[in-house]
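*Asks:* Hey, can you work out the whole structure from these sequences and the hints?
So the sequence lines, in the order shown, correspond to chains U and V.
Each step along the first sequence adds one to the number in the numbering used here, with nothing skipped, and position 13 is 13.
Each step along the second sequence adds one to the number in the numbering used here, with nothing skipped, and position 37 is 37.
These are computed hints drawn from the structure, not numbers from a lab.
One or more of the hints may lead you astray.
[Stated by the list, open to error] Listing some non-contacts, in silico: residues in chain U with all C-beta distances to chain V over 10 Å:
#1 Ser21
#2 Lys30
#3 Leu42
#4 Thr71
#5 Ser78
#6 Arg94
#7 Glu102
#8 Gln103
#9 Gly124
#10 Met134
#11 Pro140
[Said to hold, decoys possible] Simulated pairs of lysine-lysine, DSS-like, Cα-Cα distance not exceeding 30 Å:
#12 V:Lys64 x U:Lys48
#13 U:Lys64 x V:Lys128
#14 U:Lys43 x U:Lys30
#15 U:Lys82 x V:Lys82
#16 V:Lys64 x U:Lys64
[Claimed, not checked] Quick partial rundown of chain V residues pointing at chain U, CB under 7 Å, derived from the structure:
#17 Val51
#18 Thr54
#19 Gly55
#20 Leu80
#21 Ala84
#22 Ile96
#23 Tyr98
#24 Ala101
#25 Glu102
#26 Leu164
#27 Trp165
Remember, it's a predicted structure, so these values are computed and weren't measured experimentally.
Where is the CB? At the ideal position from N, CA and C, for every residue including glycine.
2 protein chains.
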Amino acid sequence: MNQVTAPAPMQIVLGVDPGFSVTGFALVAKAQRITVLDCGYLKMSAQKTLVQRTGQFYAFFSQKIIDHQVTHIALETSFLGKNAQTFLKLGYLRGILYLLAEQHQLELSEFAPREVKLAVTGSGGASKDQVADMMQRLFPTLSSLPMVERADATDALAVALCGLWNQQSYLQRIQR
Amino acid sequence: MNQVTAPAPMQIVLGVDPGFSVTGFALVAKAQRITVLDCGYLKMSAQKTLVQRTGQFYAFFSQKIIDHQVTHIALETSFLGKNAQTFLKLGYLRGILYLLAEQHQLELSEFAPREVKLAVTGSGGASKDQVADMMQRLFPTLSSLPMVERADATDALAVALCGLWNQQSYLQRIQR
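*Replies:* In structure tokens form, the structure reads like this:
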């Protein structure tokens, strides 16, 4: 007698690398195999106020979440760099993603940049170019991305993959 | 012949002193004189996740904005303290207020803490207690506030007043 098992629910992860100028994003899904549903970036004009850009960011990702029936959001943790005000403002966009997670009942995971690089390239100290090259090798159709914002999009793709892997092997990962 | 002039549109300012534990807020309006419509604080349980608290913060202030027909939001500018992660997380709540400003077409003003203290007490180096005492003197009905979160509410009230004064004498203020 064959055993019939229900298919696992589809996991659709939105990975985001937020910025008030350029925000990289990627949507990945896992059914039989991992597919990239969408990968690119949102550019927001410096002519617009921060209030306008915050609204634009919210509207853009609300739509992506609805269109692709996203189940999880994945983000990199943020560390204080040279500019404290830039760091604070990154928090505005992260707050919007937290709100979207609440409004659409999504799980939200955060990964340290080192953890993302290690997971996708095998080295925690990999450069952005090395991450981009690895993403391109895994998903050859990405080569249609314009080179200039490529690293923003591939960073978001790397974190989205971490979100997907994290869901799939959650128990193993928290034990390591 | 008497001249008839249209009354100036009512200004209703929401002042907020955000925090993931306690957020002070105040709603002030100016018609004939300045009145405090509401003043208090939102406490969010540490048992809830940041995602849940971000959602609660958004819902709470959405409702206040609708109930009181708010026209402006006033905030203190934020400076990096000892804990960078606390500073980043404050950004989440500030981002929510930016989003609410965009969604409800409100003006948003920010004031340096020194500027707020100077405006309400005459001294840029005033303590939280001095700000609270001055607010109590201006609005004696505030004495019903519980003492423990009083400073959060009165700080928000002070920044709300700055928002109101700023609207009323905008041209003079930007020239000083």
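*Asks:* Taking the hints in turn, state whether each one holds.
*Replies:* Structure-based check of all given hints:
no.	hint	in the structure
1	Ser21	holds (16 Å)
2	Lys30	holds (22 Å)
3	Leu42	holds (15 Å)
4	Thr71	holds (14 Å)
5	Ser78	violated (6 Å)
6	Arg94	violated (6 Å)
7	Glu102	violated (3 Å)
8	Gln103	violated (7 Å)
9	Gly124	holds (21 Å)
10	Met134	holds (28 Å)
11	Pro140	holds (35 Å)
12	V:Lys64 x U:Lys48	holds (26 Å)
13	U:Lys64 x V:Lys128	violated (44 Å)
14	U:Lys43 x U:Lys30	holds (27 Å)
15	U:Lys82 x V:Lys82	holds (15 Å)
16	V:Lys64 x U:Lys64	holds (29 Å)
17	Val51	holds (5 Å)
18	Thr54	holds (4 Å)
19	Gly55	holds (3 Å)
20	Leu80	holds (4 Å)
21	Ala84	holds (4 Å)
22	Ile96	holds (5 Å)
23	Tyr98	holds (4 Å)
24	Ala101	holds (5 Å)
25	Glu102	holds (3 Å)
26	Leu164	violated (19 Å)
27	Trp165	violated (21 Å)
Checked against the numbered hints above, the structure breaks hints 5, 6, 7, 8, 13, 26, 27 and satisfies the rest.
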